[in-house]
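2 protein chains.
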Amino acid sequence: MYDLTTYITELCRAAKSASRSLAVLSAAKKNAALERIARALEENGAEIIAANSVDMSEPGVPPKMLDRLKLDENRIRAIAAAVREVAALPDPVGGGERWVRPNGLIITRERVPLGVVAMIYEARPNVTVDAASLCLKTGNACVLRGGKEAINTNRVLAGVMRSALAEEDFDPACISLVDDVTREGTALLMRQRGLIDVLIPRGGAALIKSVVENAAVPVIETGAGNCHIYIDKYADLDMAVSVAVNAKASRPSVCNAVETLLVHAEIAEEFLPLFAAAAARYNVELRGCERTRAILPGINAASDEDYATEYNDFILAVKVVDSEDEAIEHINKYGTMHSEAIITRDLAAAELFRRSVDAAAVYVNASTRFTDGGEFGFGAEIGISTQKLHARGPMGLAALTTTRYLVDGNGQIR
Amino acid sequence: MYDLTTYITELCRAAKSASRSLAVLSAAKKNAALERIARALEENGAEIIAANSVDMSEPGVPPKMLDRLKLDENRIRAIAAAVREVAALPDPVGGGERWVRPNGLIITRERVPLGVVAMIYEARPNVTVDAASLCLKTGNACVLRGGKEAINTNRVLAGVMRSALAEEDFDPACISLVDDVTREGTALLMRQRGLIDVLIPRGGAALIKSVVENAAVPVIETGAGNCHIYIDKYADLDMAVSVAVNAKASRPSVCNAVETLLVHAEIAEEFLPLFAAAAARYNVELRGCERTRAILPGINAASDEDYATEYNDFILAVKVVDSEDEAIEHINKYGTMHSEAIITRDLAAAELFRRSVDAAAVYVNASTRFTDGGEFGFGAEIGISTQKLHARGPMGLAALTTTRYLVDGNGQIR
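So the sequence lines, in the order shown, correspond to chains A and B. Using our numbering, the final residue of the first sequence is 414, and nothing's skipped along the way. Using our numbering, the final residue of the second sequence is 1414, and nothing's skipped along the way.
Pulled out of the complex, with its shape left as it was, chain A reads as follows (with noise of 0.2 Å):
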């Protein structure tokens, strides 16, 4: 008989024991078993789009995740292609420090996998492959639940993945997917301490909330980017506006991108005409408060509700401020410690802004859409980590691993 619990445990149990092997093959193996997983997508690419398009066609799913969901043969290349980066990279397992103490102990600080790395992610198989070959590249196992609506694509992608592993002689267990997409068994999933190393959730803000609540595990919190930009009196106008609207419009379904503008008294006037006729080319909806308004008629007015709110949408809400301090106060308290950003040519607001603003990254002159692990330069990206623990901001290879210590004497004691 089917027991969930059982299978929840099952499952991290036999990740945990292929963490253990996994843990100390060579960089040149870890690469080959990556190369080998990512000739297997390409040349399984029918059955991918064949099982994805059950998912595609399933009723009920909603219109805006069905590009999310969605794989065709140029996706799946460009997969591939981002499995195969992954391989080129730099192995940060292993490398470390050295010192000898007085009394002749020999302490060598090692980087080390973290062992089992369980995502929780939405509807977007691309993740499937993704995480799957970063924990694989840093010698970790992975257990991964990925939305319910992708179940049939993901199925055949971790099969193909874990075919690929046997192929290379590696347990296949390394790349674990959870196959039972029920609430209780990702609460379940939460709650396996001793098996689970780290948890990652990938999502919105009622994902985050529930693993923060639920878990028993360490946790990492991504994603949640309720981001600001404030526009200062000393700003360069058309920067700004072009700043503003490049982080609004550029790819609004993602964490980096604005949520709220804070504009300065001062120059409002000047500056919201300008920035509502270049958003209204992207049919940006603006939500404004009463200032806003003042100088915007026919916009919506934004309540606190909307300035707490991740619209991931080309919606954006609008506030006039009296001062830096006022925009400092607004974004400590509505904001996710995400990316922050003012527009300013003067040096002391800058200093007062990057001094008096906790975030992961803070921006001064520049989009808050850079934060990303590509952009600043770290080659692949886990997520972007909000908490402060372990790893903060874009998250590359060395956030998926952890040290330990190496005590070598020939009898010390203490």
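No lab work stands behind these hints: they were computed from the structure. All values reported here derive from a predicted model rather than from experimental measurement. Virtual Cβ for every residue (Gly too), placed ideally from N, Cα, C. Careful, some of the hints might be misleading.
Stated by the list, open to error - If you anchor each label on the Cβ, the simulated ranges turn out as follows:
id: 1; chain 1: B; residue 1: 1027; chain 2: A; residue 2: 74; range: 29 to 39 Å
id: 2; chain 1: A; residue 1: 411; chain 2: B; residue 2: 1002; range: 38 to 48 Å
id: 3; chain 1: B; residue 1: 1410; chain 2: A; residue 2: 101; range: 40 to 50 Å
id: 4; chain 1: B; residue 1: 1300; chain 2: A; residue 2: 6; range: 27 to 37 Å
id: 5; chain 1: A; residue 1: 411; chain 2: B; residue 2: 1028; range: 39 to 49 Å
id: 6; chain 1: A; residue 1: 308; chain 2: B; residue 2: 1003; range: 22 to 32 Å
id: 7; chain 1: A; residue 1: 74; chain 2: B; residue 2: 1193; range: 39 to 49 Å
id: 8; chain 1: A; residue 1: 280; chain 2: B; residue 2: 1193; range: 57 to 67 Å
id: 9; chain 1: B; residue 1: 1028; chain 2: A; residue 2: 308; range: 54 to 64 Å
id: 10; chain 1: B; residue 1: 1410; chain 2: A; residue 2: 84; range: 26 to 36 Å
To be verified - Cross-link-like lysine to aspartate or glutamate pairs, in silico, DMTMM-like; alpha carbons within 20 Å at most:
id: 11; chain 1: B; residue 1: 1333; chain 2: A; residue 2: 213
id: 12; chain 1: A; residue 1: 233; chain 2: A; residue 2: 325
id: 13; chain 1: A; residue 1: 233; chain 2: B; residue 2: 1408
id: 14; chain 1: B; residue 1: 1209; chain 2: A; residue 2: 213
id: 15; chain 1: B; residue 1: 1233; chain 2: A; residue 2: 408
id: 16; chain 1: A; residue 1: 29; chain 2: A; residue 2: 10
id: 17; chain 1: A; residue 1: 333; chain 2: A; residue 2: 305
id: 18; chain 1: A; residue 1: 70; chain 2: A; residue 2: 42
id: 19; chain 1: A; residue 1: 333; chain 2: A; residue 2: 358
id: 20; chain 1: A; residue 1: 64; chain 2: A; residue 2: 358
id: 21; chain 1: B; residue 1: 1029; chain 2: B; residue 2: 1085
id: 22; chain 1: A; residue 1: 209; chain 2: B; residue 2: 1304
id: 23; chain 1: B; residue 1: 1148; chain 2: B; residue 2: 1058
id: 24; chain 1: B; residue 1: 1333; chain 2: B; residue 2: 1304
id: 25; chain 1: B; residue 1: 1070; chain 2: B; residue 2: 1091
id: 26; chain 1: A; residue 1: 333; chain 2: A; residue 2: 304
id: 27; chain 1: A; residue 1: 333; chain 2: B; residue 2: 1010
id: 28; chain 1: A; residue 1: 70; chain 2: A; residue 2: 122
Assemble chain B onto chain A, guided by the hints.
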């Protein structure tokens, strides 16, 4: 009317506010405040000892706790000296790296304080000053919840430190003591998301478990140390006796003391009587498996529960194993990933142990007792992390910091 929720929330809110001003202070200012605290502790010794006498004379304090609880002039001098040692350490805040992206964005990764650090610990008043000084040094406000048996002492210690802070024009809320030592207050403290940046529990397994189960803020687990020493068949038996006795008897109450000895069958008959004789000099109670008891008749039997127990006492479980693999399996089953040691002259045995044991510190031919910030050369220690995120093993000052990215542009968009 007193409302517990309001009390805890307001306490944390005041600490959060204080942390913002503290975060930007120079090392010189923070060190001056530490010096002022050290002096104030020395000058107010009589008041501290008087409060401590009240705690010591409460009925029902377990005798084992009395020694940890007690303060006298010597101990206060030692506590003040420790504060001055912390002041003398290099300040980790503010350092970082910087690089320029092809698009001209200048990215700086800056080391910054965590913000508000909450500590929950037992009835050791020295921890109140230790924790406060390490947090102050690293620019963090702290919220301290010490054991209820030490509440009178802690009130005076916190009062003395807060007055010293006020004299240096610091916000006294930089050092906040939770005056309500009920379970409900502690449970509320663990859930102050947005106000507490990290929670560090220091105490026994029950405290750690409660925190892991109930906390909604990020946690660094510390201190649970079910440590093992494996005596390999190729061990130098004199060294094995010396190290094992030291690891058990030099200070059994601490987390890096050994709790179970695993002995290879081939040398058990020679080793165990030697060891038992040496351990007897410290009145160590041995509890053994059947094979151990066949060699050392008269000792008690060890159960599975014994193997899972961190005695923190002059008690040691002993098990004879047929192979190193069996020892490693035992360690990975019962260990708490703290400190694990092998005694051997065999290179392959040492390598297998290092490769297979998953712990913060893995020793070859030395006592587990060296897992300690001071012994590792870190200068100070806020605790020993047994988790893999953020910090692992002894945590020095850097573990009380995080990083953030400052990104400077001239209008870059993506």
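Status of the hints after comparison with the structure:
no.	hint	in the structure
1	B:1027 with A:74: 29 to 39 Å	violated, 54 Å
2	A:411 with B:1002: 38 to 48 Å	violated, 58 Å
3	B:1410 with A:101: 40 to 50 Å	holds, 49 Å
4	B:1300 with A:6: 27 to 37 Å	holds, 36 Å
5	A:411 with B:1028: 39 to 49 Å	holds, 44 Å
6	A:308 with B:1003: 22 to 32 Å	holds, 25 Å
7	A:74 with B:1193: 39 to 49 Å	holds, 42 Å
8	A:280 with B:1193: 57 to 67 Å	violated, 38 Å
9	B:1028 with A:308: 54 to 64 Å	violated, 40 Å
10	B:1410 with A:84: 26 to 36 Å	holds, 35 Å
11	B:1333 with A:213	violated, 28 Å
12	A:233 with A:325	holds, 12 Å
13	A:233 with B:1408	holds, 18 Å
14	B:1209 with A:213	holds, 15 Å
15	B:1233 with A:408	holds, 18 Å
16	A:29 with A:10	violated, 26 Å
17	A:333 with A:305	holds, 12 Å
18	A:70 with A:42	holds, 16 Å
19	A:333 with A:358	holds, 10 Å
20	A:64 with A:358	violated, 32 Å
21	B:1029 with B:1085	holds, 16 Å
22	A:209 with B:1304	violated, 38 Å
23	B:1148 with B:1058	holds, 11 Å
24	B:1333 with B:1304	holds, 11 Å
25	B:1070 with B:1091	violated, 31 Å
26	A:333 with A:304	holds, 11 Å
27	A:333 with B:1010	holds, 16 Å
28	A:70 with A:122	holds, 13 Å
Hint check: violations occur at hints 1, 2, 8, 9, 11, 16, 20, 22, 25; the rest are consistent with the structure.
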